[in-house]
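**Q** Spelled out, the chains give:
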Amino acid sequence: MADPPDAKALLEVARETLVALVPQADARHQYTLRMIASAMAIATREIAAPVPAVDESAADAALLARVSSCPAHDVAAQRALHAELVAATRAKVAITDPRALA
Amino acid sequence: MDDRAAGSWTDAAFGAHLAKLLEASRVRVVGSRRLTGGAIQHNDRLDVEVDGGPWAGTRAIVVRSDAASRVAASRTRAQEFALLRAASAGGVRVPPPIAFDAGDVDRAPFMLMGFVAGEASGHRLTKQAGDHAGLLRTIGANLARLHAVPLAQPSLAFLGAPADDPTRELIASYRESVTTWRARTDDARPVIEWTLRWLEAHLPAPAPPVLVHRDYRVGNLLVDGGELAATLDWEFAGVGDPREDLGWFAAPCWRFARPDREAGGLGELDDLLDGYNAAAGTRYAARDLAYWQVLGQLRWAVVALQQALRFLDGGERSLELALTGRLLPALEWRLLAMTGDTFG
Chain A
1 MADPPDAKAL LEVARETLVA LVPQADARHQ YTLRMIASAM AIATREIAAP
51 VPAVDESAAD AALLARVSSC PAHDVAAQRA LHAELVAATR AKVAITDPRA
101 LA
Chain B
103 MDDRAAGSWT DAAFGAHLAK LLEASRVRVV GSRRLTGGAI QHNDRLDVEV
153 DGGPWAGTRA IVVRSDAASR VAASRTRAQE FALLRAASAG GVRVPPPIAF
203 DAGDVDRAPF MLMGFVAGEA SGHRLTKQAG DHAGLLRTIG ANLARLHAVP
253 LAQPSLAFLG APADDPTREL IASYRESVTT WRARTDDARP VIEWTLRWLE
303 AHLPAPAPPV LVHRDYRVGN LLVDGGELAA TLDWEFAGVG DPREDLGWFA
353 APCWRFARPD REAGGLGELD DLLDGYNAAA GTRYAARDLA YWQVLGQLRW
403 AVVALQQALR FLDGGERSLE LALTGRLLPA LEWRLLAMTG DTFG
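Chains as they are written, first to last, in the numbering used here: chain A, 1 to 102; chain B, 103 to 446.
Looking at chain A on its own, in the form it has when it is part of the complex:
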């Protein structure tokens, strides 16, 4: 176990410190600082997220195979696939941009 504060707490406080500096920077550097803060927020959420029960990459590959082979007339299969795609994408958005879920 890592010494406290853990990686998530360190990233959070580092990001807060960075965000406090934004108003003091000129316009071009404000944009860069905001990008850094955004990257730190994503990393913070990612390391805090529970480890997925399934291999996401393999699950996506399986979904791709099913989307690619799904007949255009099979509405029921498409609806089932759509529901699975929504669930898988929601989990990713929760890390990269949770505001988009609102």
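Hints listed in this document are in silico derivations from the structure and should not be mistaken for laboratory results. There's no promise every hint is true.
[Unchecked claim] Derived DMTMM-like pairs (lysine to aspartate or glutamate); straight-line CA-CA distance at most 20 Å:
| id | chain 1 | residue 1 | chain 2 | residue 2 |
| --- | --- | --- | --- | --- |
| 1 | B | 122 | B | 206 |
| 2 | A | 92 | B | 288 |
| 3 | B | 229 | B | 326 |
| 4 | B | 229 | B | 329 |
| 5 | A | 92 | B | 289 |
| 6 | A | 8 | A | 97 |
[Said to hold, decoys possible] Sample of chain B residues facing chain A (criterion: CB under 10 Å; computed from the structure):
| id | residue |
| --- | --- |
| 7 | 293 |
| 8 | 430 |
| 9 | 443 |
Beta carbons are placed, not taken as given, at the ideal position from N, Cα and C, and that holds for glycine.
Could you slot chain B onto chain A? The hints should help.
**A** For chain B alone, kept in the frame of chain A given last:
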């Protein structure tokens, strides 16, 4: 690449070169600064004193040159200058085109245009209070004039003959980009495949092909005092379906601070279309753009893949490129909502 610092435009030798381009007896560059924006091109504002010739007087001009990173799909500066001139002649609001320089061993090609004051930041424009209906009508009418620029003119010959179905070709090119992504990363992106199948299944009959800007959106339009001042960034222009530009303008990815406002984060689609239809003689309604908004959103997702690949595979250590890759889940989330629960 001419990746020089903005300050070095002020040397006497460049002033002498400018004098030739501006057909002047003498040009003195008294100030310069790099303008914001432009990951693919640099835009440097020069304050110049011009003696003689058609541009005589004290004025501000812009030097537009390639930045260190280019994208394969972007037009050359010579082509962009030809597009700017054709658009200007067609009554499209653009920065006044001045001259093109083919460059030499020391200097990459660049174009000169008049400086136009205004705000282009999507975040700032969409945060401005007030009714933007008039601005949207002007933006629509300006796009109609852009689409009316004659294609059959020698200076635009590089655009080539229109494809039978430009949109089908676009979708095929997006599929190719996604295939490249999968081969390089082992990342499947099933939502992108879902959307490609939806786009193929719902492909509308093509409209007569026109000059399309392919990046006509808030962020590339200069607005001054609530009025449209100029259309910027012509590097992706080509020949396509006019609804492609309308859908790109109205795609969810370009609404900045106001995702609730369908027309570029500024207001209602009806206002944009009122301006467009009145100038173009068309009768497009908001529902006619639904397909093209999906196409626009998908296009931005494909661009995000390409940008991320430049970071992952091309060795470009850019935070902006890396973060663009992380936009994908939110773009896909929206695509799933836009397409609905079937693609057939």
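**Q** Indicate, hint by hint, whether the structure satisfies it.
**A** Evaluated hints:
1. B:122 / B:206: holds (15 Å)
2. A:92 / B:288: holds (17 Å)
3. B:229 / B:326: holds (15 Å)
4. B:229 / B:329: holds (16 Å)
5. A:92 / B:289: With Cα atoms ~13 Å apart, residue 92 of chain A and residue 289 of chain B stay inside 20 Å; holds.
6. A:8 / A:97: holds (17 Å)
7. 293: Holds, about 6 Å.
8. 430: At 8 Å from the nearest chain A Cβ, residue 430 of chain B passes the 10 Å test, so the hint holds.
9. 443: holds (4 Å)
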